[in-house]
Amino acid sequence: MIKTRHTIVALVGNKPGVLTRMASLFRRRGYNIESIAVGHSEIPDLSRMTIVVNGTDNLLEQVRKQLSKVVDVVKVVDVTGDNITARELALIKVKATSTTRSEIIEIVDIFRAKIVDVAPDSLTIEITGDEEKVDSLLKLLRNFGIREIARTGRIAMLRGQPRPGRDSP
Amino acid sequence: MKLTGAQILFQGMVEEGVEVIFGIPGGSVIPLYDTLPQYPQLRHVLVRHEQGAAHAADGYARATGKVGICLATSGPGATNLVTGLANAFLDSVPMVAITGQVASSFIGKDAFQETDTTGITLPITKHNYLVLDVNHLAGIIKQSFHLARTGRPGPVLIDIPRNIFLEHAEFSYPDQVDLPGYKPILQGHPAQIKKAAKLINEAERPVIIAGRGTIIAQAGAELKYLAETTQTPVVTTLLGIGCFPEHHVLSYGMAGMHGMAYANLAIDKADLIIAVGMRFDDRLTGRISGFAPHARVVHIDIDPAEIGKNVHVDVPIVGDVKMVLQELNKLINSTQRLKWIEQLESWRKEHPSLEIRDSDGLLPQYVVRQIYEATQGDAIIATGVGQHQMWAAQHFYYDKPNSFISSGGLGAMGFGLPAAMGAKIGQPDTTVWCIDGDGGFQMTIQELATIVQENAAVKIAILNNGYLGMVRQWQELFYKRHYVATPISCPDFVKIAEGYCIPGLKITNKKDVIPAIKQAMDHQGPFLIDFMVEPEENVYPMVPPGAGLAELLEQPRKKAKAITDSNKLPVSNI
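Respectively, the protein sequence lines represent chains C and Z.
Each residue of the first sequence is one higher than the one before, starting from 346 at the first, in this note's numbering.
Each residue of the second sequence is one higher than the one before, starting from 224 at the first, in this note's numbering.
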């Protein structure tokens, strides 16, 4: 059984405890989450959740079904392999001295990232993109000394016009 | 009309047809109990421990098919419900549990008798609610009953802070529920049903494994039609017992760890498994890699998450068992399977799993058989968990659904007595026997007081072997008779019963069994019989842990000799 990385998008009721219900289910059934990101959706009282899980196709089928059983979960779709736009945002605080600062800025430009804070001994960089892009930037910045990283985890959406009954998660 | 939260709760219960509440008051639910006398149509059964309330509600629900209600206070009241909720969750029993909670303003402050009840019960309920606004209460009650009894049934818990009982809200009970995330699939997919029918029509050695889902869906008639038309043998899971009459010529009893040898051999040699309202629990399948090695699998269940969870399924059909079988039955051909049936009959003869060995001693199997004879099967049997449970499952013939009430998935000792009490209260005109072990009986023995207070005429048979018998059996067979912590003393149960004003008998001789059972049945109220049975009697057949269904150990006293049936009967010869 080959393990692959799956992106699951769920539309969930914006209710107290819904995140606990999801997290409890993942913990209890031993599903390994790589990331989970939640925020409001375009529908009032519903949040959109993007979950990245590593596992076999069989396991993911179970994940999807078990998630669907949670009463507050309105819809679950495994969008892996579909034509999706997937992004994450990262904030990276990197050590910067007068000698390294310009080199860092050059790298940031190449990645079309942004400098969002400048301090005498550090720069804070904001980058959005897929995980690989964020990882590549981190790899280059590591040589300068990384002080802090915060990543949102993946959010994902199908490309193009939503088709009724298929894309709404 | 403005009502208090307490009135809304009881009014909602009345709307939902509730008749009985099993509960115990405590600090946070005093305002609720204060309101109870306004609703004389609601009978309150005062249990002696909240676990008893949950198990009684469970037994009540299984015996009646209605939603069982239990009620407890915050903190310890709620935590004591946990075993009963988990039990109902694993066995898909419709229940609504009400717990009091500390006042809203105290939540999160570690107040007296505060526990995070919704947090604790989250993984063992179908859904739960913490009510934070009295205006939401009526809707939550409606949703809870709907969730509990529809789809795959299960327990729903409503946690209600003390102040909500006292606050007022405009009451109108909703007609409908608004649960966008909850839409059970009832109709099976026609294309899948067609595929299943094709497999059934083409099969040579099909076996139906029917589970509790068949009972929940009240699909006994449809199951019978399927079995008879296609001449397919029927075996059941532990909780499926009673969904198909055990006296039926096509019934081959319970399968699984302590199932009938012929039922297990049938599964092992089948070329098609028709799994109906069951979930391939490990006690049924044995070693999963060795389960039904020659069979394709049709799986009918209302819970999509059960499909493909444990066993690879060739034709999954998600839907209500009754509705699916109705459609399936239109597509099946009338078939004769003489060879296959003959084969099963010869297994039945070669491996008589229900034969009780010759003994002058008092054998537990004999006791169960005599209870069957005395009741002629017209009774509800509620059990605890362990050896006695398996003997009760094996040696009593169940022809009606809901006549065997037992803790299957959770395997909770102590279930027997309170479940029997709940069943008797739900079905007062039916004879209810609690068959229990001496170990498990001591876990919820306090409910004897409730039985007396409520005049619930439960007949109690303790199969007393002085051991935690099932664990002892495992120690004997797999731990070199290393009996650690399994010899267990017990009080004089007859004197205990007497203390509760329940008449009782202690039986040590085989010849006294029949008169004792008769005396118990003739007595108007509850009655207890303490049967001092053979201490080291084992439950057979047994599929040892990690073994496949055909690798079973047989009784009596042939336990070292496994059936080497797979060599004897190559599949091609069947």
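Hint data in this document are derived by calculation from the structure and do not stem from the laboratory.
Don't take each hint at face value.
[Claimed, not checked] From chain Z, some residues computed to sit far from chain C (all C-beta separations above 10 Å):
(1) R266
(2) L402
(3) K532
[Said to hold, decoys possible] Selected chain C positions facing chain Z (in silico; Cβ < 10 Å):
(4) G362
(5) L370
(6) R373
(7) N377
(8) E406
(9) K414
(10) D417
(11) V418
Beta carbons: idealized from backbone N, C-alpha and C, even for Gly.
Taking the hints in turn, this is what the structure says about them:
A cut-off of 10 Å between C-beta atoms confirms that R266(Z) is not in contact with chain C; the least separation is 30 Å. Non-interface call for L402(Z) relative to chain C: violated, since the shortest CB-CB distance, roughly 6 Å, does not exceed 10 Å. A beta-carbon of chain C comes within 10 Å of the beta-carbon of K532(Z); the shortest separation is about 6 Å. Because the beta carbon of G362(C) sits about 7 Å from the nearest beta carbon in chain Z, less than 10 Å, this interface hint is met.
Checking L370(C) against chain Z: minimum C-beta separation of about 8 Å stays under 10 Å; hint holds. Against a cut-off of 10 Å between C-beta atoms, the interface hint on R373(C) holds, since the closest Cβ of chain Z lies about 5 Å away. A least Cβ separation of about 18 Å between N377(C) and chain Z goes past the 10 Å threshold, and the interface hint is therefore violated. Contact between E406(C) and chain Z, as hinted, is supported at the beta carbon level, the nearest pair being about 7 Å apart and thus within 10 Å.
Of the supplied interface hints, the one on K414(C) holds, with its beta-carbon coming within about 6 Å of a beta-carbon of chain Z, less than 10 Å. The interface hint given for D417(C) holds, since its Cβ lies 6 Å from the closest Cβ of chain Z, which is under the 10 Å cut-off. Because the closest C-beta pair between V418(C) and chain Z is about 5 Å apart, less than 10 Å, the hint holds.
Checked against the numbered hints above, the structure breaks hints 2, 3, 7 and satisfies the rest.
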